[in-house]
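Protein sequence lines correspond, in order, to chains A, W and V. Note that our numbering numbers the first sequence so that position 138 is 138, with each residue one more than the last. In our numbering, each number is its position in the second sequence, counted from 1, plus 1000. In our numbering, each number is its position in the third sequence, counted from 1, plus 2000.
Do not take every clue at face value.
To be verified - Listed below are the simulated BS3-like cross-link pairs for lysine-lysine, each with C-alpha atoms no more than 27 Å apart in a straight line:
| # | chain 1 | residue 1 | chain 2 | residue 2 |
| --- | --- | --- | --- | --- |
| 1 | V | 2203 | V | 2192 |
| 2 | V | 2203 | W | 1009 |
| 3 | V | 2158 | W | 1038 |
| 4 | V | 2110 | W | 1378 |
| 5 | V | 2203 | V | 2156 |
| 6 | A | 192 | W | 1038 |
| 7 | W | 1054 | A | 24 |
| 8 | W | 1236 | A | 127 |
| 9 | A | 18 | W | 1097 |
| 10 | W | 1009 | A | 214 |
| 11 | W | 1356 | V | 2192 |
| 12 | W | 1236 | A | 9 |
| 13 | A | 127 | W | 1029 |
| 14 | V | 2110 | W | 1029 |
| 15 | V | 2103 | W | 1054 |
| 16 | V | 2140 | V | 2110 |
Claimed, not checked - Selected chain W positions facing chain A (in silico; Cβ < 7 Å):
| # | residue |
| --- | --- |
| 17 | 1031 |
| 18 | 1033 |
| 19 | 1035 |
| 20 | 1084 |
| 21 | 1087 |
| 22 | 1088 |
It should be emphasised that the hints constitute simulated quantities derived from the structure, not laboratory data. Heads up, the beta-carbon is just placed ideally off N, CA and C, and yes, glycines get one too.
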Amino acid sequence: MSTRDHDNKAARAQMFAKLQRALKDGPAQSARRTHVEGRVADPPNHPLPERVRRSRNELRMQFKAFLEGQSASVLEVAGAGDVPAAIANWLRGHNLPLTVRMGDDAALAELPWSREPALLRENGPAKESDTTGLSHAFAGIAETGTLALTSGPDNPVTLNFVPENHVIVLADADLVGPYEEVWTRLRQRFGKGQMPRTVNFISGPSRTADIGGKLVTGAHGPRRLCVVLVSEPMT
Amino acid sequence: MNSTAHNFKSNARVALGDQQLQSALGNLKGGLVANRTKARAALPEFEALRDVAKDIKNHTIANLDLYLEIYEQNARAAGAVVHFAETAADARDIILKICRDANAKIVTKGKSMVSEEIGLNAHLEAAGGIEVVETDLGEYLVQIRKETPSHIIAPAIHLTQGQVEADFRRLHTHLPKDRVLVEPAQLVNEARGILRQKFMTADVGITGANFLIAETGSSIIVTNEGNGDLTQSLAKTHVVITSIEKLVPTLEDLSTILRLLARSATGQECSTYMTLSTGGRRVNDHDGPPNYHVVILDNGRTDLIGTEFQDVLRCIRCGACMNHCPVYGAIGGHAYGWVYPGPIGSVLTPALIGVKEAGNLPNASTFCGKCADVCPMKIPLPDLMRHWREAEFDLGDLPRGYRTGLAGWAFFARRPRLYHLAAKVGIPLLSLFGRRGRFSSLPFAGGWTRYRDLPAPQGRTFQQLWAERQAGVTR
Amino acid sequence: MPLDTSKTTTKPQVGLFVTCLVDLMRPSIGFAAVKLIEAAGCDVVVPPSQTCCGQPAYNSGDKATTSAIARATIAAFEGFDYVVAPSGSCAGMIKGHYPDLLKTDPEWSKRAVALASKTYELVSFLVDVRAISSVDAELKVRATYHDSCSGLRELKIKSQPRTLLASVKGLDLVEMEENEVCCGFGGTFSIKYPDISNAMVQKKADFASATKPDLLLAGDLGCLMNMAGKLKRQGSRIEVRHIAEVLAGDLSAPAIGEA
Chain A
1 MSTRDHDNKA ARAQMFAKLQ RALKDGPAQS ARRTHVEGRV ADPPNHPLPE
51 RVRRSRNELR MQFKAFLEGQ SASVLEVAGA GDVPAAIANW LRGHNLPLTV
101 RMGDDAALAE LPWSREPALL RENGPAKESD TTGLSHAFAG IAETGTLALT
151 SGPDNPVTLN FVPENHVIVL ADADLVGPYE EVWTRLRQRF GKGQMPRTVN
201 FISGPSRTAD IGGKLVTGAH GPRRLCVVLV SEPMT
Chain W
1001 MNSTAHNFKS NARVALGDQQ LQSALGNLKG GLVANRTKAR AALPEFEALR
1051 DVAKDIKNHT IANLDLYLEI YEQNARAAGA VVHFAETAAD ARDIILKICR
1101 DANAKIVTKG KSMVSEEIGL NAHLEAAGGI EVVETDLGEY LVQIRKETPS
1151 HIIAPAIHLT QGQVEADFRR LHTHLPKDRV LVEPAQLVNE ARGILRQKFM
1201 TADVGITGAN FLIAETGSSI IVTNEGNGDL TQSLAKTHVV ITSIEKLVPT
1251 LEDLSTILRL LARSATGQEC STYMTLSTGG RRVNDHDGPP NYHVVILDNG
1301 RTDLIGTEFQ DVLRCIRCGA CMNHCPVYGA IGGHAYGWVY PGPIGSVLTP
1351 ALIGVKEAGN LPNASTFCGK CADVCPMKIP LPDLMRHWRE AEFDLGDLPR
1401 GYRTGLAGWA FFARRPRLYH LAAKVGIPLL SLFGRRGRFS SLPFAGGWTR
1451 YRDLPAPQGR TFQQLWAERQ AGVTR
Chain V
2001 MPLDTSKTTT KPQVGLFVTC LVDLMRPSIG FAAVKLIEAA GCDVVVPPSQ
2051 TCCGQPAYNS GDKATTSAIA RATIAAFEGF DYVVAPSGSC AGMIKGHYPD
2101 LLKTDPEWSK RAVALASKTY ELVSFLVDVR AISSVDAELK VRATYHDSCS
2151 GLRELKIKSQ PRTLLASVKG LDLVEMEENE VCCGFGGTFS IKYPDISNAM
2201 VQKKADFASA TKPDLLLAGD LGCLMNMAGK LKRQGSRIEV RHIAEVLAGD
2251 LSAPAIGEA
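Okay, chain A solo, but in the shape it has when bound (with noise of 0.2 Å):
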C-alpha cells in the first residue's frame, strides 16, 4: 500500500478557509482577533473552589490525605538534612534496594547524601533496571494532592514512569492551593506562553480498573510513590 502525498500547506489552508467560512455568520475576524489576543496574553482568571483557599495548614493536611488516599506515602521531614534519611528508610522499609536513579537537580544533588552512605545514587534517565526514580517537584497541588514535575536534564520525565518506585521531594513552599498558582509560577519560572517540555501531574501511584471495573495500583507506572515534603526551604 503506497501513502498518498500529503500537502500540508494545502490542507492548513483549506481548513482555515473552511473555518472562516463557518463562522462567517459571527463578527468579522479583524474585530475577534484584538479580543482573543488580549485574551491569551492575559488569562481571566475563573472561579477558584473554596478547598483552595484554607489556611497552610488546612492546605498541608489536605494534600497530604488526598495522596494517601490515592495509596501514595507521605514523608514530613523537617529539613533538608532529613530526606537522605527518610527515602533510605522508606526503601528499607518496603524491602528496595538502596539505589535511587535521579537527575542534575542542584537541590537534589545538594542534599547531605553523606549521612545515608549505604544509599547509592545513579545519575541520568531510567533504565529499565531501575527500581527507583528520584525528583524533586516543582510544586505541590493541595486542592487534590497532586505533583507538578517540569521535565528536563535536573529531572529527566521517564524517572516518573519507568522504574517501579518513585520518590518525589517537594518543598513545603512550593505546595500550593490550586493548579493556577502552577501556571503563574510556571510563566514567573520559563516566561510567558514557554513551557517546559512537559509538565508532568501526578496523584498517586499508576492505577487501572479495566479489569471487571476493580482496581489495581501499578499498571505501566509506577507500583509506589512516596512524597517527602520537607518543612524547611531547599536550597
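Following the hints, put chains W and V in place on chain A, whose structure we already have.
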C-alpha cells in the same frame, strides 16, 4: 472504522441476550456512576463550574480559527511539527508517512478515540512491517480480541474478568500454563510485563490529546495507568492525533475544565497522570522524543459550526452520558455500531458518517434527559438527537408504516372536533376488546404486546364524560 | 377558549390540559385532577378544542405538525390564569419546548413564553403555586413512587409528590432502588425499540416489586401504562395508579390494566 450502526436493532437484540455482556454492564452502577455522585458532592462548586466551562468552550468554538492559528504558531515555535488533516484518510496517510520516515517496526499507542475514528491501526498494519500495540490495558484487552472499544474511557467495560483470563491463557502461551490468574492484579501484572517490552522497543509512540492549549502550544493527555506517558516518552517519535475542537485558549481555561473531566468520567478528584507536552526533546534533555508531531483532524467537525449541532463540539469525551444512559446500560457500546457509543455517539455519529447510516442512534432514546443532566459541558444531548430526527423526517427517511401512523395521528390531532368524534366512537369499541382491563396482544401494537400487556381504555373519553357532567350541572 | 364571563368569581381560572392519554385511556385521572385543583381553591375549565401536546410529532422530527398543534394549544389555553396537566411530560412540552419551537415567529414566540410561564404539572401546581402541603385522603397501603423523567428533570418535580403522599393517612411510602431511572416508555420509543424498552421496564418492575408495595405510583400515564403492562404480564398483584387518584382519595376505578 466500518459501521454497523444501520444494524442497531439487531445489534441491540444480540447484546440483550449476551449474558457475559449483561454481567459486565452490571458493574457500571456501583463503579463509575456511584463514584461520580461522590466526587460531585465533594466539590460544591461543581455546578457553577459547568457554566464557566460551557462558556469557555463556546467562546473557543466561536473563535476557533484564531485559537487554532495561535496554537499552531506556539506549537511550532516549541519545535512541534503540526499537520492538518481534513479527512480520516488524510490523517491516516500523514501518520503512516511519519512511521515510515521513522523506519518504525513497533508502534505503541495510548488511548485515542480519534485514532479509532480514522481506523488507524488497520491502516498501519495493512501497510506492512509495522506492529501496532495498544498499551492502555482496556485497549489491549480489546485489541487481542480483535474487537473495538465499547466505551470511550473504559474500552473493555463489556468484558468480564473471566473472559480476560481466558484470552491471556489463549495468547500468552510463553508463560507457564499453571500460573495463577485469579485476582485482577495478577492479570494486570501479566499485561504489564508484556507491554513493558513493547514500550522499551517502540520506534513511534502515538497518543491522543484531551486538549490543545493555544497559549502555550501544548497538548495534554489525562490517564491513570501511565501507559500514555511511557508511550510518548520512550519512542524516538511522538505523534499526537487529535481533533480540531480540542482547543482551549489558556492554562486557566484548561484547569477549569479539568476540574470537571475526571470527576465526570471516573469520579476521581483528578486523574493520576496529567501530562502537558510542548515540542520535542530539548537540547539538554536526557530523554523524551526528539520528534513531536501533532496531527489535527477535522473530519466534518467544522461543518457543525453554525448549525444546530454546534453544541456537540463542547464535548470533552468524559463518558458520563453513556455511564448514566439507561439505553447504553441495557445494550453496551458495541450495539451502536461505530466509534462513539451512548448519547454523545447518537449525536456525533450521524454527523460524522451520515444520518442515513446512523439514523437509528438518535431515535433510540427515551429522551429521559439524564445525559444532559450529567454532561459537564451542558450539551443538550436530547435536543440534538431530536434535531437528527428532524433531519431524518425532512429527508423522508422514516419507515413507511411509522410515517403513515404519524400522519394519521397528526390529521386528527390538528382537528379537535374530528379527534373527539373519532375518540368517542373508537375508544368504547376498543375497550370492549380489553379483557380484564388489558390486551395481551393487539395487531397494531405488536412491539408493545410482545413483552407487556397494554392497559385497556376505561371506556369513554374524559371529554365525553366531562361534557355530560357540565350538561348535568347546568341542566 | 374564551372565559365564561358570566361567572363572577375571584378564584383563579385553571385550564385543565387533560392530555391525550388521560382523555382516551383513563378519564378517572382527569376527574381526580379536577377534584384536587378545585380543592385548592380554583375553578376548572376544560377547553374542548384541545387534543394532544404534540410530543409524538415533535419527537419524530415533524416540526410543522408540532408547531400547528402548539399554536392551537396556545390559542385554547392562553386566556386562563393557569394551565395544569396531570403529566410532567405534557406540561414540560408546553413549558419547555413550545417557546423553543416557536422562537423564530415573534408573535407566537411571545404567546408561547406567556403560556409557558403559567403552565404547571398537577402536583407541583398544588404544592408550589397553591401552597398545599396536605390532602384529605386516607389509604392504608404500602406504596412506591417512580419519578417520571420529564417531571423530574425538566420541571424539577421530586419533593412535591412526596410531600403530599406523606399527608395521606395510612400510606407508607417505600422508595425503590433507581426511582429516578427511566422506565423505558419514551413514547414511540417503546414501539420502535421494544427489546430495549422491555429490558428497561423489566428492571423497573424488578426494583418496584422488591419493595413489596401494594401500589406503584407515578405522575405520568405513559410510564404507568408501561410499568403496569409489564407487571400485569408477569402476573404481579401490585396495583398501578396515577398519584392524582390517590391524592384525591378516589380509587373507585380499577387500577391500570385491571378490570
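| Violated hints - listed by number, lowest first | 6, 10, 13, 14, 16, 18, 19, 21, 22
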